[in-house]
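FYI, in the UniProt record's numbering the residues of the sequence shown are 1 to 314.
One thing to keep in mind: the hints can contain errors.
Unchecked claim - Label pairs and their computed distance ranges (CB to CB):
| # | residue 1 | residue 2 | range |
| --- | --- | --- | --- |
| 1 | H65 | D111 | 46 to 52 Å |
| 2 | G63 | G144 | 40 to 46 Å |
| 3 | Q170 | A219 | 32 to 38 Å |
| 4 | H235 | A47 | 34 to 40 Å |
| 5 | T234 | G59 | 26 to 32 Å |
| 6 | S208 | G249 | 28 to 34 Å |
| 7 | G62 | A110 | 46 to 52 Å |
| 8 | S192 | A219 | 22 to 28 Å |
| 9 | H235 | G144 | 25 to 31 Å |
| 10 | R48 | T263 | 31 to 37 Å |
| 11 | Q39 | A219 | 28 to 34 Å |
| 12 | T115 | N203 | 18 to 24 Å |
| 13 | R46 | S233 | 41 to 47 Å |
Hints in this document: simulated from the structure, not taken from any laboratory. Built from N, CA and C at the ideal position, the CB exists for glycine as well.
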Amino acid sequence: MVVRSTARGARRALPLAIAAGALVPLFAAAAPAAAAAPQVLCTSHRARIAPNLGRDITGALGGRHSTTAIALYDRTTGTQCTLDSGRHFDSASTVKVTVLGALLRQAKEADRSLTAREVTLTTAMITKSDNDATTALWNQLGVGRIQHFLTLAGMTHTTPGANGYWGLTQITAGDELKLMALLTSDNTVLGSDSRAYALNLMNRVVSSQRWGVPAGTPAGVTVHVKNGWLPRSTHAWRVHSVGAFTGGGRDYAIVVLTQDDSTMDYGIATIEAVARVVHRDLDPAAPVNKLVTRPRIPVHTPGTLTRPLGTAGA
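Please construct the entire structure, taking both the sequences and the accompanying hints into account.
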């Protein structure tokens, strides 16, 4: 484990860089040797937060067999952590936030509001993780529009899925964190109304899908989440959770991507173990919200097996 703590004023540029979406890998000049296992890297403006997070995230993953990538920031404390944040994963349904962002950007460029049809589709896509709605919007936008948004958002390590297989979009934890930062700060890519619309949908995700990074959220903090899950013949289950946490004086985001999970529940447990220690270490004195009961979601929904592989799972 590699952990670094910084003095309160030593990294004043961090909140501004995060606000602009310009998150960069930590300690690039001191990267471990290629053969070394990925390690948790943390910095913070506040004493003890970085070493505590590094130790506790590493401990949460102890004995877990998931291949895991993590990226997080906390603007309030000037904290940032990464673990293997450049590793690529099949996106499953986490890409739906990117699809929403691309649509909102297209509307901004056309100086128009979303149509009634688009409101219906985006609501279903985010709050219920509806695959048909996602396919409709993906086809409407086209890969060119998706890529245009990714470029503007600085998500340079994300590659849209080919041939309509949106669920096989290649994502990284670092890029997903850039997306969360974009949705929670002033920027030229998405206006305030668009950002509020996206966050509102992520706050209204149905209760059965509010697992993952919300686990251990302090009371009084508003949760904005999107999850994804996808089984394949290689790397078993991919189970991902991305979220932004605002209100109550807090402003932070957590991304946890996993694969090689034996079951969906195993992946959820890995993510939630990490999330609980992150929420706690960022605000040790805060009381914790009650978490909804972990869902039992069917491996396949009707018709899933006959769809392109990129739309399997959710």
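Each hint tested on the structure:
Hint check: H65 to D111, Cβ distance near 50 Å, so the stated range 46 to 52 Å holds. In this structure the hint that G63 and G144 lie 40 to 46 Å apart at CB holds, the actual value being about 44 Å. Q170 and A219 have their C-beta atoms about 37 Å apart, which keeps the hinted 32 to 38 Å range intact. Hint check: H235 to A47, Cβ distance near 39 Å, so the stated range 34 to 40 Å holds.
Range check, T234 to G59: about 29 Å between beta-carbon atoms, so the 26 to 32 Å window is met. A beta carbon spacing of about 29 Å between S208 and G249 agrees with the range 28 to 34 Å that was offered as a hint. With their beta carbons about 50 Å apart, G62 and A110 fall inside the hinted range of 46 to 52 Å. For the pair S192 and A219, the beta carbons lie near 27 Å from each other, so the given range of 22 to 28 Å is met.
As the Cβ distance of H235 to G144 is approximately 29 Å, the hint placing it in 25 to 31 Å holds. In this structure the hint that R48 and T263 lie 31 to 37 Å apart at CB holds, the actual value being about 36 Å. As the Cβ distance of Q39 to A219 is approximately 32 Å, the hint placing it in 28 to 34 Å holds. With their beta carbons about 22 Å apart, T115 and N203 fall inside the hinted range of 18 to 24 Å.
Remark: the range hint 41 to 47 Å for R46 to S233 is upheld by a beta-carbon distance near 45 Å.
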